[in-house]
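Based on the sequences and whatever the hints tell you, model everything.
Numbering (this note's numbering), first residue to last: 344 to 478.
In short, the hints are calculated from the structure, not lab data.
A portion of the hints provided could be inaccurate.
FRET-style restraints, in silico, Cβ to Cβ [said to hold, decoys possible]:
1. T420 x D448: 37 to 43 Å
2. N451 x A394: 42 to 48 Å
3. H345 x P442: 37 to 43 Å
4. T399 x D470: 25 to 31 Å
5. D477 x N451: 44 to 50 Å
Computed from a predicted model, the values in this text were never measured in an experiment.
Positions of the beta carbon are idealized from the N, C-alpha and C atoms, including for glycine.
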Amino acid sequence: AHMNNGRYLTLMDLGRFDLMTQCGLVGVVLRQRWFPIAGGVMVRFERPLHAFEKITLKSSILGWDDKWLYFRHDILTGDTRAARATTRGLFRTRGQSVPTADLLDAMNYDGAPMPPPDSVRQWVRADELMRGEDE
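Shown next, in the form of structure tokens:
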């Protein structure tokens, strides 16, 4: 038996939560009463994962723009990548999206901006084109 593709996304949700915990974002989100929204995912499945196979999930922030945070998730078996995903997410409160600048301010982030890499910008463009297509 192999792992169903929906389980990959569940693992990636957990990876984002762990990443947000590590960078102190969970406390900010709870205090502000923000809630996370996933805005899209692009996944590349490279090899199947079998039942009870040991895996490592590596999650990182790729960058951000005014609205979205972009994440990278790699699922590995040993040194071999089984899947790679790019996801985007934001936070909402009272029916509105929380601007990324407000999120960074609430975290007291004073580092350099992290614009998303070209692969993400092309994915965003493809997503915009797909949204505008008729069936």
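Each hint tested on the structure:
One distance hint, 37 to 43 Å for the beta-carbon pair T420 and D448, holds here, with the actual separation near 39 Å. Against the hinted window of 42 to 48 Å, the Cβ-Cβ separation of N451 and A394 comes to about 44 Å, which satisfies the hint. In this structure the supplied range 37 to 43 Å holds for H345 paired with P442, their Cβ-Cβ distance being about 41 Å. Taken as a hint, the range 25 to 31 Å holds for the pair T399 and D470, whose Cβ atoms sit roughly 28 Å apart.
Look at D477 against N451: about 46 Å separates their beta carbons, and that is inside 44 to 50 Å.
Against the hints set out earlier in the document, no violation occurs for any number.
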